[in-house]
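Asks: The whole structure should be built from the sequences, with the hints applied where relevant.
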Amino acid sequence: MLRSYVFLLALLAFSFAARAQSNRFGFEYRAAAKVVHGTDTLANAWAGGLNSPQFSTIDLDNDGQQDLYAFDHETSRSYTFLNVAAPGTPADRRWLYAPQYESIFPDSLRGWVLLRDYDCDGRPDIFTFYQGGNIVVLRNVLVNGQVQFQVASRQLRYSGPFSGTANLQIGGYNLPAIQDVNGDGKLDIMTYDFINSIFIEQYINTSPGTCGGALTFEQTATNWGGIRAACASCAAYQFNNQTCFTANKTTHTGGHSLLLIDLDGDGDQDLLDGRDNCPELARLLNQGTTAAPLLTQAGISASFPSAAAPARVPVFPSGYSFDANFDGRPDLVVAPNMVSNTSDLVSMRNHIQLFTNSAASGAPAYAFQPNGFLQNTMIDVSEGAAPAFGDIDGDGLTDLLVANHADRVNGAYRATIAYYRNVGTRTRPVFKLITDDYLGFSARQLLGIKPALVDLNRDGALDLAFASWDRATNVIAYVLNTAPAGAPVAFNQAASVIFQPQGPATSTKPTNPAPTDGVLPYEREDTPYFTDVDNDGFVDMLIGTNEAREPGMALRYFRNRGRGPLDSAFVLVDNDFGHIRTADGSRPENLAPTVADFDGDGLPDLLTADATGYLRFFSNYRTQVGIFLERTDLLYNTRTNAYEPTRLGLDSYAFYGLAAADLNADGAPELLVGTQSGGLLSFATRNRTITATRTEAAAALALSVYPNPATATATVETARPTRLTLLDLTGRVVRTLDEAQRRHALNLSGLAAGVYLVRAVGPDGATAVQRLAVQ
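Residues -20 to -1, 1 to 755, numbered by mature numbering (1 follows the signal peptide of the UniProt record, and there is no 0), are exactly what the sequence shown covers, in order.
Please note: incorrect hints may appear among the correct ones.
Per label pair, the in silico range of CB-to-CB distance [claimed, not checked]: (1) Leu274 - Asp41: 40 to 46 Å; (2) Pro188 - Phe302: 27 to 33 Å; (3) Gly165 - Gln111: 27 to 33 Å.
Keep in mind that the hints were calculated from the coordinates and are not lab data.
Quick reminder that beta carbons are idealized off the backbone N, C-alpha and C, glycines included.
Replies: So, in structure tokens, the structure goes:
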């Protein structure tokens, strides 16, 4: 009885703790709007884009259907997609992005990840890279009905006549084939050699019994098929030890990917070989047997599966065999396996290929599908997506700009901005792609554009500010909107003006500042954000930067002096704003900031993203001093009913973009996160406070706003004369009334429908804030 009572108390305590956590403020994944490309509504618009995915199948939700797991080699990010019935046509199936399952997979995964069932329990396990080229195996186990992965082996070993007993290593840039080679039902391993990635090695699973659960291997070939991949040309191999030298090879780590498929229906396994530096997926037919493989030049093709539609991606193809179109037959998906695009500078847009298999048995019959696979269902602007919100066309609805780091089009590698017009309604936004080269930015040959739509000159109309890498340095520039407030914007990007460095506010050298005088950071991918930090009615500048040539850390605060030429308005106030650090106390790389009243208390919050893959939340940042207090357990998981850190990917090359706006007029801002993979993730807030905190001084102002909701005008009254500022939920100033009065007529014409904040400031600095809904 006592044991039962103790168990009941523990169960109640756990229940209360889980409920308390689930009632905290945070974010959850939610589609912000429908997105339309041409006539297609994107099914996975907000999945975040794909660069170098490695695909495997797994039943994530235990419904008997094989779902899809993708591990992005470049960003070390896990993606999960459910196999679900298509809307309106239950007999059809589709892949649906389901991020609630991503936290099942350890965040320590690196290099490569393949899901394979080694212990024959029907649940695929994880085979993955470990430091030094070793292979770690994580077993899939069920705990309380939920999938968990537990370490089964930290180092696979093998024995054989060629090298005795040793660690099974495949190198850091090879992707092995982990499949049944000899037909005994056990998982074997085929890979290129660890040292030079020239010879194909074969490791046969020798575990006792009918399953391969012991994970013991014997090396049965060190030069499978008698070939060497040592020739300079792609899909060219050396036979019978003939001399073949590699000349002028591009600087890469070097590596191969292997996939085993019986391509000719003769009962043995053939190879599909992808090679770094090469676009072709080479076919190597085994014209011998499983025990005695034989390769000839006639069995090697660089135009697989056909000369008319070969499997080719920009760099380093990898093949994956699974049922991609839900017809019960294994198809072929081909994707790049490159670790980064810093040297190749290729397009990462629409580069995942799908070849559907129409053969019910025997040799597969592959047919090229021009729409590709998965990427065509999501926003994907190549790489380094950076979003910005604003009413571009003057219809009162919030539109979307998405810039990128770059994309290679017509031989040129350069950044562009995509324009998505909101063609929906005030409460149901729909973003339709209008152009992928807004304002013709491609002609300027810039890289890493980070856009912002903000009223810089206080005329009520949105201006365009942007950071970009312009040949030798990063610049922060702006283009003033020559149209009146409420009208469609009028930008001339050729007339952009670069912000000038002015040094700190106390500097005596306003021109030609010294290196320590607060120069605007000019490191590649600097990310500016414009918001009123000091609450004086002028937008200031926060800059996330990796700048190390001057003293300072990741986030820097430049104050708008509110006087003089706009290009010289911003001066350094704090070169380590918030003292933001990673978990080990180091400087976060590639930091991007945004500001909005996310938690609903009427006060602006700071949110950042960086190369750790974490979102960091700083509530009421204006009231914080010194080291800002942060939260990283921000993302509510509907599967676990708990908050988790975000997992955007871990990569020192990864840059993120943040944007927030109330898109559906519910009074809460939606959050978009642009990823290194070229897509956008969409989050909504949950458990907002809703009621603003009112101090005694604020209450004394007796702020009243009516009518509320309002349309064209609103009246604002206070007990004492006050100055007014109207802000949107991101903290962006949209109207100012600088004359102190007890009654103000607030003009709302030209404003997008939604919720705004009316801020009244008295002569003694007392401040009151009230929400105003604009219809």
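Asks: Does 27 to 33 Å hold as the CB distance between Pro188 and Phe302, or does it fail?
Replies: Since Pro188 and Phe302 have Cβ atoms about 30 Å apart, the given range 27 to 33 Å holds.
Asks: At the C-beta level, are Gly165 and Gln111 separated by a distance inside 27 to 33 Å?
Replies: holds, 31 Å
Asks: Leu274 and Asp41, beta-carbon distance inside 40 to 46 Å?
Replies: holds, 45 Å
Going down the numbered hints, you'll see the structure goes against none, and every one checks out.
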